[in-house]
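Put the two chains together into one complex, using the hints given.
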Amino acid sequence: MKPRIAVVEDNPDNRLLVQAILDDLYEITEYESGTAALTGLAESVPDLVLLDISLPEMDGTEVLRRIRSDARLAALPVIALTAHAMSGDREKYLGLGFSDYLTKPIVDDAVLLETIARRLSEG
Amino acid sequence: MREEEDDVTDEPLLDQSMLNKLHEWGGAELRGKMVDLFFENGRQRVDAVKDGLASGDLELAERSAHSLKSSAATLGAARVRWVAGRIEELLEKGDTAAAGALFGELNHRFEEALGALGSMRSATGGTETPK
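Protein chains in written order, with this note's numbering: chain A, 2 to 124; chain B, 12 to 142.
Listed next, the in silico DSSO-like pairs over lysine-lysine satisfying Cα-Cα at most 30 Å (straight line):
| # | chain 1 | residue 1 | chain 2 | residue 2 |
| --- | --- | --- | --- | --- |
| 1 | B | Lys61 | B | Lys104 |
| 2 | B | Lys104 | A | Lys93 |
| 3 | B | Lys44 | A | Lys3 |
| 4 | B | Lys61 | B | Lys44 |
Read the hints as simulated data drawn from the structure, not as lab findings.
Okay, chain B solo, but in the shape it has when bound (with noise of 0.2 Å):
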């Protein structure tokens, strides 16, 4: 549970055991296609974050956190699930000031986690077209 995750830097960059099992339920396949949904959704929600949070759409800002913390958690991008849970839980309990102060956290856990997948992705030959 979150209480425990006191520091972002407390969780692995990429979760090995959410990416194996990616693996197991549907291979190489199944984990590139997921990889490639991450970077092309994942940039998109990250916006969504930031123009709500700029525009006082919170309800927008909120959603796309969610939606951002749950494909992270899917593909054990831990770092980036922490900062998103996080984000939404701040605009849930309406302190948007907070929440907009991670927005650069969450910004570089994202970048940080492309470059890890993309090195992932490189690295075991990626069966996956990039679009």
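Chain A on its own, in the form it takes in the complex (with noise of 0.2 Å):
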């Protein structure tokens, strides 16, 4: 069976790019918002979640505490993944307590799944 991502991110474009990239390997779960990712994590708890900051009403942060603090949910590797780039950023969210962080745009595809495969094999 292959393994279960989650990933959550309200622009359409990204969550068809990063389908594309992952759909032979992985069985993937898209949410458009923080609040539904958070249902539907505690419906199935996927083994990785890919997680956008930059979300409308809950931001990627907040969403991250949240199953940060779940007990079901708390040991699940999660990515950042964000456009939002900036010097300082990668300890910033490594900080927060993501497993590992992305910059957009995927310009390498080799990078995204090493990195997926890297948090799952830790998992």
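Rendered as structure tokens:
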């Protein structure tokens, strides 16, 4: 069975792109918002979460905080995915409890695939 | 990094390497769908930047500029990415006046990108069906 990845991303184009890259290797569940993701994750726990930071209403850092404070989800690998790349961001997001940090646009699918594989193997 | 990008016209109208990536990952179908989504959603985001600036909902303006930057980057619409990113930065710093002054440029670069993507779509035969 393919490992299951939850993709939390409000941009339909980015969801489509991630799906195209990951579809062969992983079973993807898409969520358009943080609240939808938290509801979905409570019902079905994936193996890894790809979490956009800039989401409407509840941003990715708040979604992460709630994942980390939920005993069933706390140990999930969660990778931050953001177009908001500033120097020092990597340290900031890892410090918040993200397992890893990737920037958009995705220009190298190998980096995305390797990061996911590495975090899954640690889980 | 943005520090090196002093002028929007230093950027290519379409960054072919990004479009080639899309083709590599999902063929003409993925690239066509991504262009379709940019046509459908890009205008909404440009309008949301405008509405946010006009109504003082700066969070809406900033988030919409951020989304547009992200979508434009994925499609290689480098000039749209540049201007949207600059507006996002200015709003983050609270410089609403400077952000507002760039809106005309954003609109212009968005229309310019749509023209180029539309030409590309026609030239490549466009497997996608316009909605």
